[in-house]
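Novice: Listed here are the chains, written in short residue letters.
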Amino acid sequence: MPTNAVVTDIKQVTIRFSGDSGDGMQLSGTLFSTLSAIFGNEIATFPDFPAEIRAPQGSLHGVSGFQVRIGAKDVYNSGDKTDVLVAMNPAALKVNAPYLKKGSIVLFDTDSFQKKDLDKALFKSQDPFEELNLQDIQPIGVAITSMTKSSLEDSGLENKEMLRCKNMFALGIVCWLFNRPLEIADKLLEQKFAKRPKIVVANIKALTDGYNYGNNIHLTASTYRIEPIEATKGFYTDVNGNTATAYGLIAAAEKTGLQLFLGSYPITPATDILQELAKRKDFGVKALQMEDEIAGITSSIGAAFAGSLAATSTSGPGLALKSEALGLAVMTELPLVVIDVQRSGPSTGMPTKSEQTDLNQALYGRNGESPLVVMAAASPTDCFESAYAASKIALEHMTPVILLTDGYIANGSSAWKIPDMKEYPDINPHFVQTHFNGDAGEWKPFMRDEETLVRYWGVPGTPNYMHRIGGLEKDQLTGVISSNPENHQRMVNIRKQKIDNIANFIPEQEVLGDPDADTLIVGWGGTYGHLLETMLRLRDNGKKVAYAHFRHISPLPANSHELLKRYKKIIVAEQNNGQFANYLNGQFADLNNICKYNKVEGQPFKVSDMVEAFTQMMEGK
Amino acid sequence: MEATEIKYQKYLAKDYKSENAVRWCPGCGDYAILTCLHKALAELGVDPHNTAVISGIGCSSRLPYYMNTYGFHSIHGRAAAIATGVKVANPALSVWVATGDGDSLAIGGNHFIHAVRRNVDINILLFNNKIYGLTKGQYSPTSSRGFVSKSSPYGTVEDPFRPAELCFGARGTFFARAIDVDMKTQVEVMVEAARHKGTSVVEVLQNCVIFNDGIHNKISDRNWKADNTITLRHGEKMLFGKENEKGLVLEGWNLKAITIGEEGYTLEDVLVHDATAIDNTLQMKLALMDTTNELPVALGVIRSVEAPTYEQDYEQQIEEVQQKQPKRSFTDFLLASSNVWEVK
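For the record, the sequence lines run as chains G and S. Under this note's numbering, the first sequence has 302 at position 302, and the numbering climbs by one with no breaks. Each position in the second sequence, counted from 1, maps to that position plus 1000 in this note's numbering.
Pulled out of the complex, with its shape left as it was, chain G reads as follows (with noise of 0.2 Å):
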């Protein structure tokens, strides 16, 4: 092992820190994401864990992966490969093994490399590296669990409370490699643990002693410098997508100046939105823990009858248990937001990993003719601005909006610049007394702006406007319950007009990459990171292409039509069995070259798979 570091200036890198899901991986990640943020680079992370909670330790289905790609600039994604893997025993190396880049660094805990432990992994000999067939890499071999220990002999701290301080001597290992400064960690560390001083004290010990350990000894040929972005000026912070969706109903409320009630039931991987809404009582936000996903929508709904700005989250299970409850909210045109966090099914399916298979779901999963908005985030802190896109038109066009986002997105972070809410378009929810001055005399609970189609929002408390609604059809005027089959057909068509129009106020559909490319990647969702690298990569190899990744799927921005009639092949891209695909097809009749690029096996697109499947459908093979 070379005893002088080169320090070599790079533009990305992948880490992932990997070990049983009890060893604190994600911690070490988060904490090594966050630094770097702060740092000045640029982050995408992507954390990868079991569903349970604690798996048999050593086992190969107990391994949690944190990933995170860091960079200079352009890291839209959390990566493919890793150049550097933690592994904290041999499952997580035999789990990681596919994914190791050709000279990446494996850094590894001796002391949890011994023949049990790779026999809990499932090693037959004694070198797993061997085993695994991995000659071009750069082991490390670090005795980090008896290090860390001798490291807080004189903590003070029992046996099993020092052994979880190993997670911080490895990160430690990991901060001298790429030169991390370490204040910025014991920062964090201080706010993390800031009602234990003990542990604070400890963690901090065990990661000093991990960097230094890294730069004594040098460990290996090169450490690595990646120079910080130069970033529009501001301040930032950190995101992941289920903070950054909680966020944009806040914000959307102060907006509006109305009261955010959120209706929830804990479920993976949605439950953070629930947990951060609970938070902001300092926002006056009352977010309920309800007895079920059903009591989840009802109670929004019942919030919104009431004027508040309304959402409820979930994953996809609890959208279904939902979908009698948005049918109510279609038919008696109510403000909600929907927020589903998509996650692999059908059933329980894998609630810990990621999937787009939500879409037709979302579209179409209720009885009756049932048009709603549906949206979907592209990323973390994508997720922000499409949960106030979505409060924005639930409240100004009086209907439920489901807005798509997805495990991968949800747990992802990165780094994000604080916004100016004064720079955020006004939202006007539809309220009746302000349309017709508090006077009732021309009103009646079923009249709708004319252009919007509309109607106007009679909150229980307001004098004058008293109206019932519900659930059965009808009169499009009066609101009286009416079977007549005339105005069962005009509200069927209304209801659908009011949906369509909204696309008159939302934004054209974008396109990114070259302007006379004949073939176009189509995304939507959490793909987005994925997608954009995988133009650039293909235009890179001299191909021309184009992009398109839409945030509005129902309806779909006003120029999707024409925009995609330019092109002789569109490429869509999902997470699912084509899902976007077939709708575009059914909206368009006259799109008939449309190649679909589907996986569903609960993990990130890999971008290097795309460049080379899209190179070939480009090439008509």
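Source of the hints: derived by calculation from the structure; they are not laboratory data. Predicted, not measured: the structure shown is a model, and the values here were computed from it. Do not rely on the hints blindly, as some may be mistaken.
[What the hints assert, rightly or not] Result set (BS3-like, lysine-lysine): computed pairs, CA atoms no more than 25 Å apart in a straight line:
hint : chain 1 : residue 1 : chain 2 : residue 2
1    : S       : Lys1324   : G       : Lys192
2    : S       : Lys1327   : G       : Lys417
3    : S       : Lys1344   : G       : Lys73
4    : G       : Lys195    : S       : Lys1324
5    : S       : Lys1017   : G       : Lys444
6    : S       : Lys1324   : G       : Lys279
7    : S       : Lys1237   : G       : Lys444
8    : S       : Lys1150   : S       : Lys1218
9    : G       : Lys187    : G       : Lys233
10   : G       : Lys149    : G       : Lys205
11   : S       : Lys1344   : G       : Lys281
12   : G       : Lys422    : S       : Lys1344
13   : S       : Lys1285   : S       : Lys1327
Assemble chain S onto chain G, guided by the hints.
Specialist: What follows is chain S alone, placed relative to chain G:
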């Protein structure tokens, strides 16, 4: 209560009546319940525009259409959850739930017990006719074992829920019972239900004239009512019978109906009703009395205890948090959060 007194003058029962034609079957017990609710609201004097009536699905759930208040006829079983949202969103509203035995105890059973457990200040009017009327005559979760209906042609082989038991089991703070034909008691318990802070359950024994006619006859029929029912009032002796000549006494752990002056019982022996006792043991026994065990069916307010309400405690939490953390803009909140750095 002072505000209520003043408002009392402001409204008449008809002020709560909407212009929609009532569409229940002629002779249906629901008419009486509707009229009583109009009267109770007038007595309470709550503003129609500050009143929200929420319902699920079923005959009973048509009620909001006939109220000149804010109303929401929702979906099957969900009224209690919707009402929870309404009340928590705006605690100033008077929130009522109109529901049936199928709506609230079968498909909506979960929402019912959890609303009761949370003690949200809503008033649940549970129309119990022991039958599914709107779907034309299937047995309900309150139908007796062996009950023959279209969906149980050989009789049911399941025991019914008794609403009081569910309510008490969910730690209910208010339970009252009335019969559709007894307008006076109905208005009385509805007013009491509204005044009680917390979830109030009012079981109205209601007759379905088409599919289950006479199911409550034993207690609603004028000839038997006096002997087969007892109207409980807090602080008063538990007396019943045409001349109040009968009473309830404790014998061991059990209630016993006696005639004063017989078997050596005097008025002194008759129990006094305590609706406010925290321990609900005796209230439960009273609520479950039945003519089959030779006891009168209890009417009136059986339990009414004070307890924190969900929405008030929620408001208070918000207030406490905001006292520690004065309100700031969303941007300021983000700037003050832990991981913030500046790019210059």
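Novice: Hint by hint, note whether the structure agrees.
Specialist: For each hint, the structure was consulted:
1. Lys1324/S with Lys192/G: Measuring from Cα to Cα gives roughly 21 Å; hence the hint holds.
2. Lys1327/S with Lys417/G: holds, 22 Å
3. Lys1344/S with Lys73/G: Measuring from Cα to Cα gives roughly 17 Å; hence the hint holds.
4. Lys195/G with Lys1324/S: holds, 18 Å
5. Lys1017/S with Lys444/G: The given pair, whose Cα atoms are some 17 Å apart, holds under the 25 Å limit.
6. Lys1324/S with Lys279/G: holds, 13 Å
7. Lys1237/S with Lys444/G: It is violated: about 52 Å lies between the C-alpha atoms, which goes past 25 Å.
8. Lys1150/S with Lys1218/S: OK: Lys1150/S and Lys1218/S at ~23 Å, within 25 Å.
9. Lys187/G with Lys233/G: The given pair, whose Cα atoms are some 23 Å apart, holds under the 25 Å limit.
10. Lys149/G with Lys205/G: holds, 11 Å
11. Lys1344/S with Lys281/G: violated, 33 Å
12. Lys422/G with Lys1344/S: holds, 21 Å
13. Lys1285/S with Lys1327/S: Given pair Lys1285/S, Lys1327/S is violated - Cα atoms ~50 Å apart, limit 25 Å.
Figure legend: structure checked against the earlier numbered hints; hints not met, in rising order: 7, 11 and 13.
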